[in-house]
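2 protein chains.
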Amino acid sequence: MSETTATANYLDAENEVLSAANGVDYAHRTTGASDATPLVMLQHFRGNLDNWDPALVDALARGRRVITFDNRGVAASSGTTPNTMAQMALDAIDFIEALEVGEVDLLGFSIGSFLAQEIALVRPSIVRNLVLASAAPQGASGMHGWAPEVIDAVGKPEPSPADYLGVFFTGSEAGQAAGQQVAGRIFGARTVDRDAPTTWQTRLAQYDAVCAWGQPNHSMLERVSAICMPVFVANGDSDPMILPRYSYLLAGLIPGARLKIYPDAAHGFLFQHHAEFAADVDVFLTGVSDEEVSSQ
Amino acid sequence: MSETTATANYLDAENEVLSAANGVDYAHRTTGASDATPLVMLQHFRGNLDNWDPALVDALARGRRVITFDNRGVAASSGTTPNTMAQMALDAIDFIEALEVGEVDLLGFSIGSFLAQEIALVRPSIVRNLVLASAAPQGASGMHGWAPEVIDAVGKPEPSPADYLGVFFTGSEAGQAAGQQVAGRIFGARTVDRDAPTTWQTRLAQYDAVCAWGQPNHSMLERVSAICMPVFVANGDSDPMILPRYSYLLAGLIPGARLKIYPDAAHGFLFQHHAEFAADVDVFLTGVSDEEVSSQ
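Chains as they are written, first to last, in the working numbering: chain A, 1 to 296; chain X, 1 to 296.
Treat the hints with care, since some could be wrong.
[Stated by the list, open to error] Covered stretches of chain A (in silico footprint by chain X; criterion: 3 or more residues with CB under 8 Å from a CB of chain X, positions within the stretch not fixed):
| id | stretch |
| --- | --- |
| 1 | 7-21 |
| 2 | 215-225 |
[What the hints assert, rightly or not] Listed below are several chain X residues computed to face chain A (Cβ distance under 7 Å; list not exhaustive):
| id | residue |
| --- | --- |
| 3 | S125 |
| 4 | R245 |
| 5 | Y248 |
[As the list claims (entries may be wrong)] To list a few chain X residues with every Cβ distance to chain A over 10 Å, as calculated:
| id | residue |
| --- | --- |
| 6 | Q180 |
| 7 | R190 |
| 8 | Q215 |
| 9 | G252 |
Everything labelled a hint here was simulated from the structure, so no lab data went into it.
In this text, a Cβ means the ideal position worked out from N, Cα and C, and glycines have one as well.
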């Protein structure tokens, strides 16, 4: 793998490039200095390296190495974004294999959670623990594409800050205040060496994959019961993009899964509640290696 | 219907008999004096009228009429207990129809929650709102009969108080203290006109039905998505009899369902947390008539 330099905070993490066996050059950043199993983060619809809240990455990186990356065709990575979750998952596996670290912990957010499920099912040997944030299982009914007001907002060529806030945060005073803080950290705090923006090709291909994932197919729901590693499912209680009911469904279908729903929070619950969520993830990642998941 | 006398508390509620069109004489009690839609309670495995915590019934009856009853063949009701949930549900429907009140709210607890689902699916016109406590959908994998330590405890001819406490309450100090209080209210507080005990025939037939309900059948899970009235799903976080994951599953499969998991609580969570649970049920029953369920 390429030389990586772990840093103490995400805002200062260098943009690095890792060339994988599939010929793709993956843009990525590393935060934290632990030698333990790294946590690899799988990003949301149209997101790049800068769309991870630095406060969340820093909180997660206190106990471990955190690796963020752009998948094939996304932002500064080379290639073209594929239009199925299955191919995106294979591309993510190639990146993880190129890290040459053996197994990793995975944190998938939104469509990243779809990839995380795919990876856990197709290459379980590289996944130690799985965190599914704002997640849904393939085939669940009622999620064929985002809701009209959601895709109208985040699917347009140039979404505005208001579009972002409306999907990622609730309309309450606390939700909007959190949104302003998160937006400041994501869009304003890093002033040099920002990632490349994601393209319209990425937007179209990712949304093709979203619509394919959401085609209702009850029998397809059964496959996540084969996920065999410890799983933590988390969402905001008011997520308009991926409804909490799909988190319930995942936690009901995956044996032993833990579930937590965060209050007064929408799609960006993990940024809004970054300290609490990072602490919960830390308990999950450090605890489940030694003991059975005890909550069920 | 037979004359019913609403009373202010469950311990003083009279044992009454209602003869239904199916020829069964149903033992039942009524608490609370409201003229509004009554709440009908569906009891757990081997339970009779006395196995409802009077503190819970009284809390629920503050805002409405609460009706408890013994189903066909159970305790003081006439007839023989059938060995399928479907037939038990039809027997419960006959009791509800005999009340001549039109639609009711239903609170099903444990196997009572199985009947509540059946009733909602087979006779939706009589169900306004549905509360599913310690519930599971038919066909979910991993629930073919209670866990060995659970059926060993509550399935024996004469379960002891310790057997009851071990399944209905957690082993924590708070859990066991709550259990002692609940057991005192259920087994000791009513000294006259107690209900008849349930028979070994009832135990065998009900457990046949439990084992039939728990035969794994993924495709069967889809049917609860047809439940069309507002639903509140609730359980303890440490229920050994019906694991919380089945509550997640129900809340994920039933459109718009609300979900709440109560802390440090096992099968008897609704008795242990009777004030909080009754308040949550009250908010659910009084709120959902006028507005859409907003949590999803």
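* Enumerate the violated hints, using their earlier numbering and listing them in ascending order. => 1, 3 and 9
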